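J.: Residues per chain are reported as follows:
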Amino acid sequence: MRHLVNFGLLFTFVALAVTGLLAFSRPFSLTTTQVHIVAGLLMVALVVLHIGSRIPYFQNQFEGKKKGTLSKVQLAGLLVIVGGLIFLAGNALPPASWLVGLGYEARHKAEIVRTSSLSGFGEIGTHSRLVTRIPKDGVGHGLSLYIRFNKDLETLPAIAVWAETNTGSMIETLHLEQSLAYSDKPLWHEVNEKRNHILPVWRNRYTMVSGVSANGVVDAVTRPTENHEFALDPHLQPGKDNKFLLWVEVNAPNDANSAWRGQRIGQPSVLYSAYVKIDEAPPYTILELTAHGGGAADNGTLDYDLDSLTTAKDLVDLMLLKLEPAR
Amino acid sequence: MKNTILANTNRRQFLRIIGGAGFTSAVAPGYIFGYNPKYSDGVLVEASKFAKPGGWKVDTQHYHQMGGCYLLAHGMGVPVEDATTTADLPGAGEWHVWVRNRDWCKGNWESPGRFQVAVDGKVLGTTFGTAKEAWHWQKGGTFNVAQAGKVTLALRDLTGFDGRCDAIFLTQEKSPALPDDVKDLTAWKDKQSGRASKQIQELDYDVVIVGGGMTGCGAALAAKQQGLKVALIQDRPLFGGNASEEIRVHTLGIHGYGSDILSKIDTKHYPNGHDDAIKDQAKREATMAASGVDLYAHHLAIGLSKKGNVIESVEARDVKTGLIKRFKAPVFIDASGDGWLAYWSGCEYRYGRESHKEFGEFWDKHGDLWSPEKADNRVMGTSVLWEGIQTKERHDFPEVPWATPVANGHEATGGEWYWEYSHNDLNQVDDAEKIRDHVLRAIFGSFSNAKQHPKNATWKLHWVAYVGGKRESRRIIGDYIYTMKDATERREFEDAVVVETREVDSHYQRKHTGAKEDFLTHALFYRTGGKYFVPFRSLYAKDVENLMVAGRCFSCSHIGLAGPRVMNTCGQMGIATGYAAALCKKHDATPKQVGKKHIQELQRLIGFGRKELMGHPSHAKKHP
Chain A
1 MRHLVNFGLL FTFVALAVTG LLAFSRPFSL TTTQVHIVAG LLMVALVVLH
51 IGSRIPYFQN QFEGKKKGTL SKVQLAGLLV IVGGLIFLAG NALPPASWLV
101 GLGYEARHKA EIVRTSSLSG FGEIGTHSRL VTRIPKDGVG HGLSLYIRFN
151 KDLETLPAIA VWAETNTGSM IETLHLEQSL AYSDKPLWHE VNEKRNHILP
201 VWRNRYTMVS GVSANGVVDA VTRPTENHEF ALDPHLQPGK DNKFLLWVEV
251 NAPNDANSAW RGQRIGQPSV LYSAYVKIDE APPYTILELT AHGGGAADNG
301 TLDYDLDSLT TAKDLVDLML LKLEPAR
Chain B
1 MKNTILANTN RRQFLRIIGG AGFTSAVAPG YIFGYNPKYS DGVLVEASKF
51 AKPGGWKVDT QHYHQMGGCY LLAHGMGVPV EDATTTADLP GAGEWHVWVR
101 NRDWCKGNWE SPGRFQVAVD GKVLGTTFGT AKEAWHWQKG GTFNVAQAGK
151 VTLALRDLTG FDGRCDAIFL TQEKSPALPD DVKDLTAWKD KQSGRASKQI
201 QELDYDVVIV GGGMTGCGAA LAAKQQGLKV ALIQDRPLFG GNASEEIRVH
251 TLGIHGYGSD ILSKIDTKHY PNGHDDAIKD QAKREATMAA SGVDLYAHHL
301 AIGLSKKGNV IESVEARDVK TGLIKRFKAP VFIDASGDGW LAYWSGCEYR
351 YGRESHKEFG EFWDKHGDLW SPEKADNRVM GTSVLWEGIQ TKERHDFPEV
401 PWATPVANGH EATGGEWYWE YSHNDLNQVD DAEKIRDHVL RAIFGSFSNA
451 KQHPKNATWK LHWVAYVGGK RESRRIIGDY IYTMKDATER REFEDAVVVE
501 TREVDSHYQR KHTGAKEDFL THALFYRTGG KYFVPFRSLY AKDVENLMVA
551 GRCFSCSHIG LAGPRVMNTC GQMGIATGYA AALCKKHDAT PKQVGKKHIQ
601 ELQRLIGFGR KELMGHPSHA KKHP
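Chains A and B are the protein sequences, given in the same order. If you're matching positions, the first sequence starts at 1 in the numbering used here and goes up one per residue. If you're matching positions, the second sequence starts at 1 in the numbering used here and goes up one per residue.
FYI, nobody ran anything at the bench for these hints, they're computed from the structure. Errors might be hidden in some of the hints.
For lysine-lysine, the following DSS-like pairs were computed, each having C-alpha atoms within a straight-line distance of at most 25 Å [to be verified]:
{"hint": "1", "chain 1": "B", "residue 1": "K106", "chain 2": "B", "residue 2": "K52"}
{"hint": "2", "chain 1": "B", "residue 1": "K516", "chain 2": "A", "residue 2": "K277"}
{"hint": "3", "chain 1": "A", "residue 1": "K136", "chain 2": "A", "residue 2": "K322"}
{"hint": "4", "chain 1": "B", "residue 1": "K268", "chain 2": "B", "residue 2": "K531"}
{"hint": "5", "chain 1": "B", "residue 1": "K531", "chain 2": "A", "residue 2": "K277"}
{"hint": "6", "chain 1": "A", "residue 1": "K243", "chain 2": "B", "residue 2": "K365"}
{"hint": "7", "chain 1": "B", "residue 1": "K365", "chain 2": "B", "residue 2": "K485"}
{"hint": "8", "chain 1": "B", "residue 1": "K52", "chain 2": "A", "residue 2": "K240"}
{"hint": "9", "chain 1": "A", "residue 1": "K313", "chain 2": "B", "residue 2": "K139"}
{"hint": "10", "chain 1": "B", "residue 1": "K455", "chain 2": "A", "residue 2": "K240"}
{"hint": "11", "chain 1": "A", "residue 1": "K277", "chain 2": "B", "residue 2": "K511"}
Remember, it's a predicted structure, so these values are computed and weren't measured experimentally.
Based on the provided sequences and hints, a complete structural model is requested.
T.: What follows is the structure, given as structure tokens:
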């Protein structure tokens with residue numbers, strides 16, 4: 001049994017160490033996270049077994065009956081060191097903060113997109129998705145966006161959902177395809193592709209939030225105004241003549257046609273939109289195909305001429321926005 | 001209601017209409033009625049006389065209210081090209097510039113109709129269209145010239161949103177006395193322009209027709225066909241009225257027996273506001289040009305002379321030159337829509353809705369929306385048609401905070417007939433500028449609202465009328481008042497001269513049923529079940545011996561108008577009066593006498609008596 005625990009600890013330690021290093025140094029990966037969690041749980045079990053088999057040892061150590069045991073001062077010192085490190089880490093103080101600062105998350109903070117905890121995303125069918133946003137503290141309207149893709153699609157396209165002012169300033173990203181959320185050059189359908197090539201309009205709008213332009217340059221100019229807040233909540237409140245635009249950008253890989261011959265991206269992203277007037281909006285609004293993102297990689301400029309698109313116009317069967325009145 | 005501008009006396013009276021008011025004299029007037037010498041002299045440049053109007057439009061619609069044919073920067077949100085002209089200065093030195101203009105939409109926003117004036121290419125510091133809401137003279141600045149001679153003047157539009165300028169006055173007086181009163185203004189303009197020293201041209205005709213819409217054109221062509229010497233006076237530069245390319249309402253109603261004439265001047269059934277109106281305009285202009293009728297387009301009727309209850313002459317002013325012509329004739333046809341000749345000559349007229357009790361015009365299904373229990377001033381409104389087009393690229397539209405209060409959240413990318421405005425407290429004649437401007441605000445505001453939608457980013461304004469298309473104003477009383485029951489009971493008249501089959505179709509403002517928009521209407525259709533007729537007794541004024549009235553100002557009740565008010569039917573009225581004018585000459589008779597003694601001859605000329613209506617597509621639906 002002892003050998004089994006020892007080797008088990010060795011293997012799980014290696015797994016934890018490797019996945020930990022990957023998580024520290026690489027973009028978020030669900031596989032890495034899953035392995036790390038499973039290895040961690042296994043290690044907990046093995047440590048419990050290990051400690052359980054060494055109870056007499058710990059009793060002796062605490063009682064100090066045998067020679068070679070740690071003194072109480074040494075034990076207290078060890079406790080202080082471990083506790084101190086936990087405290088420093090918990091409060092983001094050096095050297096823990098220096099260490100964390102070397103990690104991927106810290107180094108790529110501007111690229112990583114985390115939607116509000118008030119946003120939700122659900123796969124309600126093989127070809128249906130639901131994006132929801134509830135108001136903070138229940139004050140204001142909630143909204144849910146039902147997206148039904150073409151049932152003939154074998155793999156679903158990448159999507160981004162966001163709200164912006166009618167002057168084009170992003171308010172909040174409600175949803176971004178998870179595989180695209182952690183890097184500006186994520187692995188997309190087995191190839192690393194720049195995000196501003198996949199969802200160029202969203203990515204350029206996001207520059208205002210991230211401060212890093214779509215082509216990776218730190219944008220020292222584009223910033224929110226003093227009155228601009230990257231949260232949808234104020235815009236969801238009724239009785240204030242609140243209005244905003246809801247955009248969905250959709251792109252499927254490898255869908256080249258005669259006008260868009262690039263094999264990887266093929267036809268550009270397509271954009272659906274709705275103009276939401278909180279005080280006047282009907283309960284349901286269908287988002288309409290509005291433009292495409294061809295040529296928008298570096299500037300996010302919409303192209304409204306949809307004539308060159310073919311299958312890209314059929315990726316989505318329906319986008320239906322439902323507004324839930326404030327309670 | 002009874003207007004008493006000119007009473008029926010046996011003395012000859014001359015009436016000149018200035019600023020909506022009538023001024024009379026016993027002798028034929030020249031240009032100036034009671035000129036007041038207190039006003040300053042200088043160099044006057046009337047806007048309508050600009051050598052190159054650029055993108056500015058000459059607006060004649062409100063002359064009788066504000067005293068000028070002004071230039072309008074109707075650019076639909078895009079500043080229009082400069083209007084330019086020259087002024088001849090008699091001396092060197094410092095000159096002061098005064099501009100007659102108005103802020104047409106005053107409020108807590110930047111005025112929409114802003115423009116500047118440039119002298120010899122140098123823009124004066126003042127921005128016009130921002131001061132008073134009423135027409136007024138505004139000081140524009142000064143400039144210096146080293147010697148007498150010509151200077152170039154330019155109107156520079158800043159917004160494309162209907163800035164307006166009536167005149168520029170150049171003077172060496174620092175504080176000149178300038179007329180605001182429209183009567184004084186008109187006389188002063190005639191003096192400053194040099195017109196006052198000219199003789200008024202006098203012209204003789206067999207019949208003079210005022211109003212060059214479908215009615216007036218139909219009348220002129222019919223009268224000319226009978227060999228009369230015909231004058232047709234039209235305030236706009238184009239013929240067709242509501243059917244013209246300036247307003248773009250398609251012609252409705254049947255041709256009756258008048259297809260040979262009406263098919264040459266009518267329109268196809270294009271969507272109201274559509275560019276196809278331009279093709280039909282070309283057809284109509286070609287017809288009128290080839291007709292042999294003496295055409296006085298861009299001439300504003302401004303007065304008449306009358307002896308007893310007979311009109312002797314009508315005066316009209318050339319919009320471009322300001323010169324007045326006096327047209328004499330034994331018989332006149334008022335096809336002006338607003339019934340100007342009848343109004344000026346003191347004829348009884350009606351305006352507004354009668355009580356349904358008066359003529360039994362009740363329709364229980366719609367109650368007050370159709371006809372009220374108590375008479376009021378509501379009438380069917382003025383439409384301003386417009387059209388947006390979708391392109392393949394983004395088009396921005398300026399912010400229009402001055403328009404959105406009227407649009408009231410409404411969104412639209414195009415208009416139709418129901419963009420129509422009427423209000424119990426506004427008169428379609430006296431308040432025409434206000435009514436037109438109200439719909440312009442509705443249009444620009446609604447389009448701006450629609451443009452907030454990303455899906456409408458590629459839409460742009462293609463065309464917006466600036467000439468209002470009126471449906472109803474004064475209805476001149478003849479020997480018979482045509483009412484709803486004449487149409488719905490399909491009453492037959494021995495003196496029937498017009499036939500129609502369409503529904504009785506009256507409009508009400510949607511706000512009366514709770515809509516938030518006050519500029520949209522709804523139509524109610526009362527089916528008649530077949531042909532109905534208009535008698536000749538409704539086509540002449542009862543109070544003036546030699547005046548016929550045709551078109552929407554014919555003798556009818558408010559609901560009576562609702563059926564025959566459309567343009568083909570009005571065209572039939574015009575044709576009937578044109579032929580009647582020929583019979584007046586032939587028999588040396590008044591219209592009333594023609595109606596009594598020669599009605600069958602008139603009906604034969606029109607075509608009545610034939611078993612079937614002439615085969616024309618306009619009858620196809622109802623008479624296959």
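J.: It remains to establish, for every hint, whether it holds in the given structure.
T.: Here's how the hints hold up against the structure:
1. B:K106 <-> B:K52: violated (29 Å)
2. B:K516 <-> A:K277: Holds. B:K516 to A:K277 sits at ~16 Å (cutoff 25 Å).
3. A:K136 <-> A:K322: holds (18 Å)
4. B:K268 <-> B:K531: holds (22 Å)
5. B:K531 <-> A:K277: Violated - the C-alpha atoms of A:K277 and B:K531 are around 50 Å apart, more than 25 Å.
6. A:K243 <-> B:K365: Since the Cα atoms of A:K243 and B:K365 sit roughly 40 Å apart, the hinted pair is violated (cutoff 25 Å).
7. B:K365 <-> B:K485: Answer holds: B:K365 to B:K485 is near 16 Å, not above 25 Å.
8. B:K52 <-> A:K240: This hinted pair is violated, its Cα atoms lying about 49 Å apart.
9. A:K313 <-> B:K139: Not satisfied, since the Cα-Cα distance of roughly 59 Å exceeds 25 Å.
10. B:K455 <-> A:K240: holds (24 Å)
11. A:K277 <-> B:K511: holds (22 Å)
The structure fails to meet hints 1, 5, 6, 8, 9 from the earlier list, while all remaining hints are met.
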